[in-house]
Amino acid sequence: MNDVRLSAAHWREVCERIFRAWGVPEDIAACVARSLVESNLAGVDSHGVVRIGNYYNFVKPGWWLAASRPQVAREGPCTAIIDGNWGLGQPAMHLGLDLGIAKAREHGIAAVGVIRAGHIGRLGEYAEKAAAAGMIALLGTSNARSGGHVVPYGGAERVFSTNPVAAGVPARTHTPFIMDFATTVVAAGKLELGGEPDKPIPSGWAVDAGGRPATTARQYLDGGAMLPVAGHKGFALMLLVELLAGALTGAGVTERPQVVPAGGLGFAGNATFLIVLDAAHFTDAEQFFTDVDGLFERLDGVKPAPGFDRVVVPGEPEAEQRRRRATDGIRVTGAVWEQIAAIAAESGGRLDDIWPGAQKA
Amino acid sequence: MNDITLGAERWREICRRIFRGWGTPDEIAACVADSLVDSDLAGIYSHGVIRVADYVGCVKAGWWRPESRPEIVRETPVTAVVEGHYGFGQPAAHLALDAAVAKARAMGVAAASVLHCGHIGRLGEYAEKAAREGVVALIAASSGGNGGLVVPYGGAERVFSTNPVAAGVPAQAHAPFVMDFATTVIAAGKIELAPDKDAPIPEGWAVDAEGRPAATIRQFLEGGGLVPFGGHKGYALALLVELICGALTGAGVSAQPKRTRGPGFGGNSAFMVALDIAHFTDEAQFYNDVDSLFNRLESVKPAPGFNRVMIPGAPEIAQREKRSREGITVDGAIWERIAAVAAERQVSLDDTLTG
Numbered sequence: 097m098n099d100v101r102l103s104a105a106h107w108r109e110v111c112e113r114i115f116r117a118w119g120v121p122e123d124i125a126a127c128v129a130r131s132l133v134e135s136n137l138a139g140v141d142s143h144g145v146v147r148i149g150n151y152y153n154f155v156k157p158g159w160w161l162a163a164s165r166p167q168v169a170r171e172g173p174c175t176a177i178i179d180g181n182w183g184l185g186q187p188a189m190h191l192g193l194d195l196g197i198a199k200a201r202e203h204g205i206a207a208v209g210v211i212r213a214g215h216i217g218r219l220g221e222y223a224e225k226a227a228a229a230g231m232i233a234l235l236g237t238s239n240a241r242s243g244g245h246v247v248p249y250g251g252a253e254r255v256f257s258t259n260p261v262a263a264g265v266p267a268r269t270h271t272p273f274i275m276d277f278a279t280t281v282v283a284a285g286k287l288e289l290g291g292e293p294d295k296p297i298p299s300g301w302a303v304d305a306g307g308r309p310a311t312t313a314r315q316y317l318d319g320g321a322m323l324p325v326a327g328h329k330g331f332a333l334m335l336l337v338e339l340l341a342g343a344l345t346g347a348g349v350t351e352r353p354q355v356v357p358a359g360g361l362g363f364a365g366n367a368t369f370l371i372v373l374d375a376a377h378f379t380d381a382e383q384f385f386t387d388v389d390g391l392f393e394r395l396d397g398v399k400p401a402p403g404f405d406r407v408v409v410p411g412e413p414e415a416e417q418r419r420r421r422a423t424d425g426i427r428v429t430g431a432v433w434e435q436i437a438a439i440a441a442e443s444g445g446r447l448d449d450i451w452p453g454a455q456k457a
Numbered sequence: 166m167n168d169i170t171l172g173a174e175r176w177r178e179i180c181r182r183i184f185r186g187w188g189t190p191d192e193i194a195a196c197v198a199d200s201l202v203d204s205d206l207a208g209i210y211s212h213g214v215i216r217v218a219d220y221v222g223c224v225k226a227g228w229w230r231p232e233s234r235p236e237i238v239r240e241t242p243v244t245a246v247v248e249g250h251y252g253f254g255q256p257a258a259h260l261a262l263d264a265a266v267a268k269a270r271a272m273g274v275a276a277a278s279v280l281h282c283g284h285i286g287r288l289g290e291y292a293e294k295a296a297r298e299g300v301v302a303l304i305a306a307s308s309g310g311n312g313g314l315v316v317p318y319g320g321a322e323r324v325f326s327t328n329p330v331a332a333g334v335p336a337q338a339h340a341p342f343v344m345d346f347a348t349t350v351i352a353a354g355k356i357e358l359a360p361d362k363d364a365p366i367p368e369g370w371a372v373d374a375e376g377r378p379a380a381t382i383r384q385f386l387e388g389g390g391l392v393p394f395g396g397h398k399g400y401a402l403a404l405l406v407e408l409i410c411g412a413l414t415g416a417g418v419s420a421q422p423k424r425t426r427g428p429g430f431g432g433n434s435a436f437m438v439a440l441d442i443a444h445f446t447d448e449a450q451f452y453n454d455v456d457s458l459f460n461r462l463e464s465v466k467p468a469p470g471f472n473r474v475m476i477p478g479a480p481e482i483a484q485r486e487k488r489s490r491e492g493i494t495v496d497g498a499i500w501e502r503i504a505a506v507a508a509e510r511q512v513s514l515d516d517t518l519t520g
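Protein chains in written order, with the working numbering: chain A, 97 to 457; chain B, 166 to 520.
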């Protein structure tokens, strides 16, 4: 089957109908739909509509609870813990971030933990939202007790998930700074979704089950693991995320595989710790924006190294993609579309009025 | 000249006398001396007594004011701004950390910025101090707008300093987690202090003036730059540090290609966040999670070529035990520089070297 291309609005409608068919409340369905489609618009397809199938695999057996709503479980003037009640993760994050932004605006800084939530999607989404509100945000996310497929530096056993970190810093004349990366060398998707497990992979991406460099994705998939970025530095950052998002929030840290079996309530859900800062409580806000924009201008003007067109400020590539895809629409492969259509059919969500009207790629 | 080996307390006395000799108040001289000597004890020689002559050099140039005391110039229940008045950096950083820790204990979270001061030393010092007091700390430092030797990813011009990040997380049964690293592939000292400038360096450490991989130290020194670790990831982190420690603190960012040598040159600006565990979760559960995770890491099967998985902070503790026993050694050339800045102010060190 050919690729399927739909506008962002159509994709949101597709997502919302499917989520509602699972029993997800309307406002939450809209929030998660927006999150996935925004990821596609930003060019981060790994966190886009392709996740519908992945989310279904968690919701169908009851590992994540479609009907759940997040709630504020604990709150101080500058702190909060959000309990996601094992619902879809994005609404829990937005609840936590909005609260963090309001508290930071009043006091200068706030810190929020978001626990017992499904997948929260692309971290950059929250960094962007904070920056758009004129705030600085720092966040890190783990898989709480579930852990993942990443070895600690010097180790030959899977312990961590990819424990991504993100940050947003507002600018005035420039696109805001948006950093968002896994603390591994590569994202899991690059190794798992390739579909060609025997193709060689670059040295340094992963190890096999014996802790030796993996030369193919299959060696990684057969009990191997991903590596932290830049050796001990990425490992330290990854462990810090595990400690903040897992231990400090109360969500829990990665446990031995036999303790948390693959499956069960909350399996592979996310835990997140986020800090929000308001520059106006520390310095003159005008000077802050002058400095930020001045630094970005300097970076834009730096002589590029051989093989590069220019120095990129993190967040710019996503902004560029967004401009392009807002007009071009979002494309998925025929196989992904068939999976989405099958889930819709199984769940009782209608898509036929959307697809025939969609532009064929 | 031969290497000199002395116990930690002798080194502290030497540092204190020299800084006092250059006009530094007693308690500030002691704070800076403790910082340098503790770095040596932790095995981080680049931030140890090797810096004494450099610090005095910054004082002599008028960039740092030895008599200055830091003060909190702006404050709320959860924020503090520490003005260093271009004095030594360590006392300013301790003032900020102590303020952040005290505020976090009351409110759960707090942040302090530090600006207009000298070099604040090893960031791990502050991360470890917070962790030992049962508080989580996140710390970063930049060069207060003076830039440095680091190119942005994809660029061929020096923009950033090594913009280090650090964090401390307390544990109960284990030593605390203490992370402390430059956002570059290697620390500047590793290649700047190397005696043979034509020695080859590993690919990926630095670039030459055109942004090509530098093959020798000389190619880096002649207008080249250090490279962020992990390509775009380390670069994003370096830029984040520049934005927070430069723009958010008000110290200034490295926005001008030309570095101006004036007050604060060679110094730092910094930002610290402190988090109190009990405001977020049950403390007993927190320590149970932290210690069990560290237990698990220590029992992970090592990869080929490794003895075991190390918790960040553990190597420094092992070094500290060894150095406390064996003393701290500096080579003759470094000692001569230290002795020279002492002699310049008629500071006698003779009695610290004998008996």
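Just so you know, not all the hints are guaranteed correct.
[As the list claims (entries may be wrong)] Calculated pairs, DSSO-like style, for lysine-lysine (alpha carbon to alpha carbon, straight line, at most 30 Å):
{"#": "1", "chain 1": "A", "residue 1": "Lys-295", "chain 2": "A", "residue 2": "Lys-399"}
{"#": "2", "chain 1": "B", "residue 1": "Lys-225", "chain 2": "B", "residue 2": "Lys-487"}
{"#": "3", "chain 1": "B", "residue 1": "Lys-423", "chain 2": "B", "residue 2": "Lys-294"}
{"#": "4", "chain 1": "B", "residue 1": "Lys-362", "chain 2": "B", "residue 2": "Lys-294"}
{"#": "5", "chain 1": "B", "residue 1": "Lys-423", "chain 2": "A", "residue 2": "Lys-399"}
{"#": "6", "chain 1": "B", "residue 1": "Lys-466", "chain 2": "B", "residue 2": "Lys-487"}
{"#": "7", "chain 1": "A", "residue 1": "Lys-225", "chain 2": "A", "residue 2": "Lys-286"}
{"#": "8", "chain 1": "B", "residue 1": "Lys-294", "chain 2": "A", "residue 2": "Lys-295"}
{"#": "9", "chain 1": "B", "residue 1": "Lys-362", "chain 2": "B", "residue 2": "Lys-466"}
{"#": "10", "chain 1": "B", "residue 1": "Lys-355", "chain 2": "B", "residue 2": "Lys-225"}
{"#": "11", "chain 1": "B", "residue 1": "Lys-466", "chain 2": "B", "residue 2": "Lys-225"}
{"#": "12", "chain 1": "B", "residue 1": "Lys-423", "chain 2": "B", "residue 2": "Lys-466"}
{"#": "13", "chain 1": "B", "residue 1": "Lys-487", "chain 2": "A", "residue 2": "Lys-399"}
{"#": "14", "chain 1": "A", "residue 1": "Lys-286", "chain 2": "B", "residue 2": "Lys-294"}
{"#": "15", "chain 1": "A", "residue 1": "Lys-399", "chain 2": "B", "residue 2": "Lys-225"}
Just so you know, these hints were derived from the structure itself, not from any lab.
Hints, one by one, checked against the model:
1. At most 30 Å may separate the alpha-carbon atoms for a hinted pair to count; Lys-295(A) and Lys-399(A) exceed this at roughly 36 Å.
2. Restraint check: the Cα-Cα separation between Lys-225(B) and Lys-487(B) comes to about 35 Å, which exceeds 30 Å; the hinted pair is violated.
3. Among the hinted pairs, Lys-423(B) with Lys-294(B) is inconsistent with the structure: their alpha-carbon atoms are about 36 Å apart, more than 30 Å.
4. Among the hinted pairs, Lys-362(B) with Lys-294(B) is inconsistent with the structure: their alpha-carbon atoms are about 37 Å apart, more than 30 Å.
5. With a C-alpha separation of about 15 Å, the suggested pair Lys-423(B) and Lys-399(A) falls inside the 30 Å cut-off, and the hint holds.
6. A distance of roughly 27 Å separates the Cα atoms of Lys-466(B) and Lys-487(B); the hinted pair therefore holds under the 30 Å criterion.
7. Proximity of Lys-225(A) to Lys-286(A) is assessed by CA-CA distance (about 27 Å); at most 30 Å being required, the pair is judged to hold.
8. Pair hint Lys-294(B) plus Lys-295(A) does not hold up; C-alpha atoms about 48 Å apart against a cutoff of 30 Å.
9. Under the criterion of a C-alpha separation no larger than 30 Å, the hint pairing Lys-362(B) with Lys-466(B) is inconsistent with the structure, at around 40 Å.
10. Under the criterion of a C-alpha separation no larger than 30 Å, the hint pairing Lys-355(B) with Lys-225(B) is consistent with the structure, at around 25 Å.
11. Restraint check for Lys-466(B) and Lys-225(B): not satisfied, since their Cα atoms lie roughly 53 Å apart, outside the 30 Å limit.
12. Taken as a hint, the Lys-423(B) and Lys-466(B) pair is broken in the structure, with Cα atoms around 50 Å apart against an allowance of 30 Å.
13. For the given pair, Lys-487(B) sits about 47 Å from Lys-399(A) by alpha-carbon distance, which is inconsistent with the 30 Å threshold.
14. A C-alpha spacing of about 40 Å is found between Lys-286(A) and Lys-294(B), which places the hinted pair above 30 Å, so the restraint is violated.
15. With a C-alpha separation of about 35 Å, the suggested pair Lys-399(A) and Lys-225(B) falls outside the 30 Å cut-off, and the hint is violated.
Of the numbered hints stated above, those contradicted by the structure are hints 1, 2, 3, 4, 8, 9, 11, 12, 13, 14, 15, listed in ascending order.
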